[in-house]
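Asker: Now for the letters of each chain:
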Amino acid sequence: MSEFIIEMKDIVMQFNGVRALDGVDFKLRKGEIRGLVGKNGAGKSTIMKIIQGVYMQTSGQLFIDEKEIPPSMSIKERGKTISMIFQEYSLAGEMTVAQNVFLNFEPLIYGFINDAACAHKVQDFMEGIGVAIDPYTKVRDLSTGDMQLVEITKAIIHNTSVILMDEPTAALDADATKKFFKIIRRLRDEGYSILISTHHLKDIMTVCDSVTVIRDGKVTLDTEIKKTLLKEVISAMLGEAEFKHRKRKARNENAALKPLLEVCSIRSHKRDTPVTFEVYPGEVVGLAGLKGSGRTEIFNNLYGIDPITEGEIVIKGTPVHIKSPQQAIQAGVFLIPENRHTQGLSMMHTLYDNMLLPILSALVKRFLIDDRKGKNVVTELIRSLSIKTPDYNVRISQLSGGNQQKVVVGKALTSKSTVMLMDDPMYGVDIHAKSEIADAIERFTQEGNGVIFVSSELDEIIENCDRVLVIKEGQITEEFKDISGVTEDNLMIAIQ
Amino acid sequence: MENYLSQNKKKIIESIRNSMVFIALIVLFIIFAVTLKDVGKGFADQGNLWNIIRQTALIAILGVGMSFSLGAGQIDLSQGSIVAVTSLVTALVLRSYGLVPALIAGLGVGVFVGALNGILIAYLGMPAFLATLGTQIVFGGVARTITSLKSIPIVDEFFKIVFGGGNVGTIPVLVIWMFAIIIFGHILLVKMPFGRKVLAIGGNAKSAFYSGINVKRTIFIVMVFSGVLAAFAGILWAGRYGGGRYSIGEGAEVSAIAASVLGGTSIMGGIASILGATAGAIMIGMIDSALVMYGLDVYQQMIVRGIVIIIAVATTHKRRDI
Chain S
1 MSEFIIEMKD IVMQFNGVRA LDGVDFKLRK GEIRGLVGKN GAGKSTIMKI
51 IQGVYMQTSG QLFIDEKEIP PSMSIKERGK TISMIFQEYS LAGEMTVAQN
101 VFLNFEPLIY GFINDAACAH KVQDFMEGIG VAIDPYTKVR DLSTGDMQLV
151 EITKAIIHNT SVILMDEPTA ALDADATKKF FKIIRRLRDE GYSILISTHH
201 LKDIMTVCDS VTVIRDGKVT LDTEIKKTLL KEVISAMLGE AEFKHRKRKA
251 RNENAALKPL LEVCSIRSHK RDTPVTFEVY PGEVVGLAGL KGSGRTEIFN
301 NLYGIDPITE GEIVIKGTPV HIKSPQQAIQ AGVFLIPENR HTQGLSMMHT
351 LYDNMLLPIL SALVKRFLID DRKGKNVVTE LIRSLSIKTP DYNVRISQLS
401 GGNQQKVVVG KALTSKSTVM LMDDPMYGVD IHAKSEIADA IERFTQEGNG
451 VIFVSSELDE IIENCDRVLV IKEGQITEEF KDISGVTEDN LMIAIQ
Chain A
1001 MENYLSQNKK KIIESIRNSM VFIALIVLFI IFAVTLKDVG KGFADQGNLW
1051 NIIRQTALIA ILGVGMSFSL GAGQIDLSQG SIVAVTSLVT ALVLRSYGLV
1101 PALIAGLGVG VFVGALNGIL IAYLGMPAFL ATLGTQIVFG GVARTITSLK
1151 SIPIVDEFFK IVFGGGNVGT IPVLVIWMFA IIIFGHILLV KMPFGRKVLA
1201 IGGNAKSAFY SGINVKRTIF IVMVFSGVLA AFAGILWAGR YGGGRYSIGE
1251 GAEVSAIAAS VLGGTSIMGG IASILGATAG AIMIGMIDSA LVMYGLDVYQ
1301 QMIVRGIVII IAVATTHKRR DI
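Going line by line, the protein sequences match chains S and A. With our numbering, the residue at position 280 of the first sequence is 280, and numbering never jumps. So our numbering is basically just the index in the second sequence, starting at one, shifted up by 1000.
In case anyone wonders, no lab produced these hints; they're calculated from the structure. Owing to the predicted nature of the structure, the values given are computational and were not obtained by experimental measurement. Ideal Cβ positions, reconstructed from N, Cα and C, are used throughout, including at glycine. Take these hints with a grain of salt, some might be off.
Here are the computed lysine-lysine pairs in the DSS-like style, where the Cα-Cα straight-line distance is at most 25 Å [to be verified]: (1) S:138 <-> S:182; (2) S:270 <-> A:1191; (3) S:226 <-> S:179; (4) S:39 <-> S:178; (5) S:270 <-> S:179; (6) S:472 <-> S:270; (7) S:416 <-> A:1206; (8) A:1216 <-> A:1191; (9) S:178 <-> S:138; (10) A:1206 <-> S:291; (11) A:1191 <-> S:365; (12) A:1216 <-> S:375; (13) A:1009 <-> S:388; (14) S:316 <-> S:481; (15) A:1216 <-> S:323; (16) S:323 <-> A:1206; (17) S:67 <-> S:27; (18) S:49 <-> S:9; (19) A:1009 <-> S:375; (20) S:416 <-> A:1191; (21) S:270 <-> A:1206; (22) S:67 <-> S:49; (23) A:1191 <-> S:373.
Which chain S residues stay away from chain A? Per the calculated CB distances, all over 10 Å, these [to be verified]: (24) 72; (25) 111; (26) 132; (27) 222; (28) 357.
Stretch-level coverage of chain A by chain S, calculated; a stretch enters the list once three of its residues show a Cβ under 8 Å from a Cβ in chain S [unchecked claim]: (29) 1189-1199; (30) 1204-1210.
Start from the sequences, fold in the hints, and give me the full structure.
Answerer: In structure tokens form, the structure reads like this:
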């Protein structure tokens, strides 16, 4: 009998001629927890999706429990052995834990759902794996961590033996993460084989038995955890010499410069650790931290979504009161939100309408909107941001992701802001659009404005920022005053 | 290049769809005019047409308010009850205190109920459908209670002429009021910041919020606006029928919703058209009139009207994936 439950041999995966996986050999041992590590786009989720059957590999073999799996085998068929836990919760909030776990598989008596039997089975099963949740609780009353555990229970109760998890702890706080990993270890001891992909490398080092690192579609490290070190994993992930394609031009180094934005020990209801920092004219300050480290929450304070209850925000020497996005925009602050689909744009409306939304009142001439002026503003922005669009009246949903994001940046520019808060502005954007957004940042700061830049991609931070603050659990733990000597490795270690 | 071609094609299809209600209006008119030319003075008789527009006017005015609330992703089911209460309050106050107090009191009803809707929806976070269903029932009850089901006649001739039955030349006063409100509503919606903010909220309330729009206040104002227009329609209704009555305006909000949706307003929010809603209202009026001329009784009319509305919406409305 083989010791491997899953084996991939020389797997190649091509998307439109691009090699996402380039001859990957991957193994998951029976009864182990394996970490799968790599930068965004390195090929982690492609590996998971090939195992699960969402993608068919271009070439190469996949074995599950020693049997070769034809690429065409359905997700459902593979599901007898393999469960995938998604980042987005697939639970129905108004139903109980037991009802969720048995959704679509309800035990029946005389054609009626036997809720008591459901609850019993679920309770027994959860006790078996060390989860203490009342099966009669409604899911919406559970904590995020407990929801995650219910999700796992739901996935494995039908006798699967392999669990694939994509960023399972992204939404969990420290305590919930600890509890979660305790259960994961217990599952391993029960004989489950578990594959976890995550950005939290420290978790990998403490929880996993082994790790596979991939970079650019190739496996760069495959080892037991006790035989490796965090540094080794990081360098396998990032590669040796990643030269930067781009550096910001040196900013105006004037020591006498007064800060543009001063943030003085601010706190709010939702964020109780005080934070202090400042942004100087012409500067791009990076906030580096993992998802959930509190970066977005600081933005919410500055933008009036979660108004501060203590401390002070000072812009150009004047304290400002920001209790709503409206007041933030008036004070010269504009947020490029994390998610352009749900927060940044109205997808059903045109480029024109989206772009001008923040400045409608400023366009009014004798009670009416001056659409001629509006057209000039929008046409000029389409040109300066190089937005690829047939015209300004095109529906925003018809543009590519990168061009959509440029429209969001355009909204910030129309509103004449002096401080731009950018929350992962290059997420899901192609390289070309990235560099055009970087150009826009460059021009914006050359006019003496400031940017606070958040990104999950450390190379983006290094390329676009002058100075970096490291955020961990809602606090600034470290500062890199000059980015020029900083490498991705330095930042990666600092944020863990 | 291909992309641009197909985009153009899409645009053309979309613009046809957007003007569908106007095309349908013309087509129906021709059908009715031809098939009903021997009934009485004929469908296309000037008197009959004015009559249709007069009947339509009140629905069209409600349609303006409804377009704003639907456009903002909300709805106002309380319009009919506001019409009823306003007709009674206006008639009562007119009898005892005179014209100006009557108008203030009548419009006050709209402000009050609209503000109540606005508070429930915008500040207490209730779904608009349920909040306004609640106020619809409450004020339907109020309309039946304040005069114990009795009608209140209006004897003031000046009021009846200015707010109902009068004519300027050959044009009914009602029609002048209707066009005034439609033009105002149209400009407010397409050329003023308020209207664009309303549609932005209906399209994506979150992105509107992040763009610095006071979402709650805007929705509040929309509901007050809808209430005031309903109250104004109630005043006109009272003037036209020569009195206030609890049954005036009953179910009118449903016609207003149908008119708006026929005119291209999205029931999911983000898209609205005042001119479309007006065309929709006229279309419903035309259908009603034609059905009477075809000799259908009231209940048969209901059946046909419902079927026609379903067909019309099916052809004009963009299909959604469920």
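Asker: Against this structure, judge whether each hint is valid.
Answerer: Evaluation of the provided hints:
As the CA atoms of residue 138 of chain S and residue 182 of chain S are separated by approximately 24 Å, the hinted pair is consistent with the 25 Å bound. Taking the CA atoms of residue 270 of chain S and residue 1191 of chain A, the gap is near 40 Å; set against the 25 Å cutoff, the hint is violated. The hinted pair formed by residue 226 of chain S and residue 179 of chain S meets the criterion: a straight-line CA distance of about 22 Å does not exceed 25 Å. With a C-alpha separation of about 24 Å, the suggested pairing of residue 39 of chain S with residue 178 of chain S holds against the 25 Å cut-off.
For the suggested pair residue 270 of chain S and residue 179 of chain S, the alpha carbons sit about 23 Å apart, so the restraint of at most 25 Å is met. Note on residue 472 of chain S and residue 270 of chain S: the hinted pairing holds, with a Cα-Cα distance of about 16 Å set against a maximum of 25 Å. For the given pair, residue 416 of chain S sits about 21 Å from residue 1206 of chain A by alpha-carbon distance, which is consistent with the 25 Å threshold. Taken as a hint, the residue 1216 of chain A and residue 1191 of chain A pair is honoured in the structure, with Cα atoms around 21 Å apart against an allowance of 25 Å.
Between residue 178 of chain S and residue 138 of chain S, the direct Cα distance comes to roughly 23 Å. Compliance with the 25 Å bound is thereby established for this hinted pair. Proposed proximity of residue 1206 of chain A and residue 291 of chain S is supported: the alpha carbons are some 21 Å apart, at most 25 Å. About 10 Å separates the Cα atoms of residue 1191 of chain A and residue 365 of chain S, which keeps this hinted pair within 25 Å; it holds. Using a Cα cut-off of 25 Å, the hinted pair residue 1216 of chain A and residue 375 of chain S is violated, with the two alpha carbons roughly 29 Å apart.
Restraint check for residue 1009 of chain A and residue 388 of chain S: the C-alpha separation of about 19 Å stays at or below 25 Å, so the hint holds. Taking the CA atoms of residue 316 of chain S and residue 481 of chain S, the gap is about 21 Å. The hint holds against a cut of 25 Å. Restraint check: the Cα-Cα separation between residue 1216 of chain A and residue 323 of chain S comes to about 14 Å, which is no more than 25 Å; the hinted pair holds. Under the criterion of a C-alpha separation no larger than 25 Å, the hint pairing residue 323 of chain S with residue 1206 of chain A is consistent with the structure, at around 16 Å.
For the hint pairing residue 67 of chain S with residue 27 of chain S, the CA-to-CA distance comes to about 14 Å; that is within 25 Å, so the pair holds. Proposed proximity of residue 49 of chain S and residue 9 of chain S is supported: the alpha carbons are some 15 Å apart, at most 25 Å. Restraint check for residue 1009 of chain A and residue 375 of chain S: satisfied, since their Cα atoms lie roughly 24 Å apart, inside the 25 Å limit. Between the alpha carbons of residue 416 of chain S and residue 1191 of chain A the distance comes to roughly 23 Å, so the proposed pair stays at or under 25 Å and holds.
Using a Cα cut-off of 25 Å, the hinted pair residue 270 of chain S and residue 1206 of chain A holds, with the two alpha carbons roughly 19 Å apart. Simply put, residue 67 of chain S and residue 49 of chain S have alpha-carbon atoms about 18 Å apart, close enough for the 25 Å limit, and the pair holds. At most 25 Å may separate the alpha-carbon atoms for a hinted pair to count; residue 1191 of chain A and residue 373 of chain S meet this at roughly 13 Å. Distance check on residue 72 of chain S: its Cβ is at least 28 Å (rounded) from any Cβ of chain A, clearing the 10 Å threshold; non-interface status holds.
Interface exclusion of residue 111 of chain S from chain A stands, the closest Cβ pair being 28 Å apart, more than 10 Å. The non-interface label for residue 132 of chain S is consistent with chain A: the shortest C-beta to C-beta separation is roughly 34 Å, beyond 10 Å. For residue 222 of chain S, the non-interface assignment is confirmed: its Cβ lies about 43 Å from the closest Cβ of chain A, beyond the 10 Å cut-off. Distance check for residue 357 of chain S against chain A: the nearest CB is about 4 Å away, which does not clear 10 Å, and the non-interface claim fails.
With a cut-off of 8 Å between beta carbons, the segment 1189-1199 of chain A has 6 residues touching chain S; three or more are needed, and the interface restraint holds. Here's how the segment 1204-1210 of chain A fares: 6 of its residues keep a CB closer than 8 Å to some CB of chain S, so the rule of at least three is met and the hint holds.
The structure fails hints 2, 12, 28 (numbered hints given earlier, in ascending order).
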